[in-house]
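All chains, please: the whole structure from these sequences, using the hints.
There are 2 protein chains.
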Amino acid sequence: MDFRTEFKPETVHPIRIEEISFRMIDEEIGEHPYTPEQYRVVQRVVHASADFELGKSLLFHKDAIWAGIQAIKSGKKIVADVQMVQSGVSKARIEKFGGEVKVYISDDDVMKEAKRLDTTRAIISMRKAIKEADGGIYAIGNAPTALLELIRLVKEGEAKPGLIIGLPVGFVSAAESKEELAKLDVPFITNIGRKGGSTVTVAALNAISLLAEQV
Amino acid sequence: MDFRTEFKPETVHPIRIEEISFRMIDEEIGEHPYTPEQYRVVQRVVHASADFELGKSLLFHKDAIWAGIQAIKSGKKIVADVQMVQSGVSKARIEKFGGEVKVYISDDDVMKEAKRLDTTRAIISMRKAIKEADGGIYAIGNAPTALLELIRLVKEGEAKPGLIIGLPVGFVSAAESKEELAKLDVPFITNIGRKGGSTVTVAALNAISLLAEQV
Numbered sequence: 001m002d003f004r005t006e007f008k009p010e011t012v013h014p015i016r017i018e019e020i021s022f023r024m025i026d027e028e029i030g031e032h033p034y035t036p037e038q039y040r041v042v043q044r045v046v047h048a049s050a051d052f053e054l055g056k057s058l059l060f061h062k063d064a065i066w067a068g069i070q071a072i073k074s075g076k077k078i079v080a081d082v083q084m085v086q087s088g089v090s091k092a093r094i095e096k097f098g099g100e101v102k103v104y105i106s107d108d109d110v111m112k113e114a115k116r117l118d119t120t121r122a123i124i125s126m127r128k129a130i131k132e133a134d135g136g137i138y139a140i141g142n143a144p145t146a147l148l149e150l151i152r153l154v155k156e157g158e159a160k161p162g163l164i165i166g167l168p169v170g171f172v173s174a175a176e177s178k179e180e181l182a183k184l185d186v187p188f189i190t191n192i193g194r195k196g197g198s199t200v201t202v203a204a205l206n207a208i209s210l211l212a213e214q215v
Numbered sequence: 001m002d003f004r005t006e007f008k009p010e011t012v013h014p015i016r017i018e019e020i021s022f023r024m025i026d027e028e029i030g031e032h033p034y035t036p037e038q039y040r041v042v043q044r045v046v047h048a049s050a051d052f053e054l055g056k057s058l059l060f061h062k063d064a065i066w067a068g069i070q071a072i073k074s075g076k077k078i079v080a081d082v083q084m085v086q087s088g089v090s091k092a093r094i095e096k097f098g099g100e101v102k103v104y105i106s107d108d109d110v111m112k113e114a115k116r117l118d119t120t121r122a123i124i125s126m127r128k129a130i131k132e133a134d135g136g137i138y139a140i141g142n143a144p145t146a147l148l149e150l151i152r153l154v155k156e157g158e159a160k161p162g163l164i165i166g167l168p169v170g171f172v173s174a175a176e177s178k179e180e181l182a183k184l185d186v187p188f189i190t191n192i193g194r195k196g197g198s199t200v201t202v203a204a205l206n207a208i209s210l211l212a213e214q215v
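Heads up: the sequence lines are chains D and U, in that order.
Oh and the first sequence: position 131 is 131 in the UniProt record's numbering, straight run, nothing missing.
Oh and the second sequence: position 52 is 52 in the UniProt record's numbering, straight run, nothing missing.
Treat the hints with care, as some may be off.
Identical chains share a label here; the pair holds if one copy fits it or two copies do between them.
As the list claims (entries may be wrong) - Distance condition first, Cα-Cα at most 27 angstroms in a straight line; then the derived DSS-like pairs of lysine-lysine:
id : residue 1 : residue 2
1  : LYS91     : LYS128
2  : LYS62     : LYS77
3  : LYS96     : LYS112
4  : LYS91     : LYS102
5  : LYS115    : LYS91
6  : LYS96     : LYS115
7  : LYS73     : LYS131
8  : LYS128    : LYS183
9  : LYS112    : LYS183
Just so you know, the hints here were simulated from the structure itself, not pulled from any lab data.
Okay, here's the thing in structure tokens:
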């Protein structure tokens, strides 16, 4: 059956469009090494990017899915590196469990401190985040400097994130920051290479909160 | 010179990271058919996606750049299809010229009307947008149904957008909606294929507003 021609999009509900998309992804993805739960994340990342190469570049720490579900279900804070990630996340499911999605990068105190120390707001926002949201999920889709700082704070024992979703995009330090993340023994979801970004970070996080709702 | 090793990201300003990224893109992009102004958009889309294939899939109506610049400079409204696009856009440059970035998809009246007509909120949001923001820039990064509706409204003479940036992503109707857009004789920026999304739509719009500031 050809899913592509079975309906007119303008008369079909978004939920049905998503279903059809997921069936197309299942058909096209081919072989992959993921568990069924990890695949739910991969599938949603492919859906958000239309990029199988990106989907299949995902790496999961062995505890990532379970740790993410636990963080959501216990109402831990979600920290986004940038507003785009915050605004894309499906908030109702997170708030249902008592959680909320925070972003610190435009806070006055963060901006002042970054200026004072002559560094990036992304870095300072992570230093603030670990004070307010430890044990939570860190969703980093844009700023490699935020991810590198978070990794440093983990290594120094100052941060204990429940899950790090580290999928920054870009030419400078993005791939390198994700390689560093993949060496940590904390729950993480990341990927290999330069690709990533806010939309796929949102997709991964939404996949986790959907799993949390179902288990 | 290898730009990759010349600095440590945590001690370098974001503006310098961007500069280095753009030089890497210039080196790697190879041959392309774009004018210097179109290339500014392509470069920023590649920067936001780390995806040269996506960057080189962009299509420009011959008047797109100029029309976009004019719309920004004359303070026309920008309409985003979803909140992620709205939250990612650099608003200061747009507001400087008197413009603002609107998104209608979560408005109460839009939600009610979509329910009443049993259709998508994206479609109804476009019907509202053309009443409030004609002559403006439509930045559609997520919903093919929004783009298809906007195309229909243009064809029927009900909408006269200044520029359509149509870069929805996905498996169902995204590529098809962009093919339809590319047939219109209105200023558009779009691309070939399934790829696209909020982050690249934001990148394209930010490139246009930067050009507007410079000419």
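Quick rundown of the hints versus the structure:
1. For the homomeric pair LYS91 and LYS128, the shortest alpha-carbon distances inside one copy (22 angstroms) and between copies (25 angstroms) are both at most 27 angstroms.
2. Proximity of LYS62 to LYS77 under the C-alpha cut-off of 27 angstroms is restricted to the intra-copy arrangement: shortest distance 22 angstroms within a copy versus 47 angstroms between copies.
3. Taking the shortest alpha-carbon separations for LYS96 and LYS112, only the inter-copy value of 24 angstroms comes in at or below 27 angstroms, while the best intra-copy value is 34 angstroms.
4. In this homomeric assembly, LYS91 and LYS102 come within 27 angstroms of each other (Cα to Cα) both inside a single copy, at 11 angstroms, and across copies, at 21 angstroms.
5. With identical chains, the CA atoms of LYS115 and LYS91 are at most 27 angstroms apart between copies only, with a shortest distance of 21 angstroms across copies and 32 angstroms within one.
6. Taking the closest pair of Cα atoms, LYS96 and LYS115 come within 27 angstroms of each other only across two copies (24 angstroms); inside a single copy the shortest separation is 37 angstroms, beyond that limit.
7. Taking the shortest Cα distances, LYS73 and LYS131 sit within 27 angstroms of each other inside one copy (21 angstroms), while across copies they are farther apart (43 angstroms).
8. Only within a single protomer do LYS128 and LYS183 lie at most 27 angstroms apart by alpha-carbon distance; the minimum there is 24 angstroms, versus 50 angstroms between protomers.
9. In the homo-oligomer, the alpha carbons of LYS112 and LYS183 never lie at most 27 angstroms apart, since the shortest distance is 32 angstroms inside one protomer and 49 angstroms across protomers.
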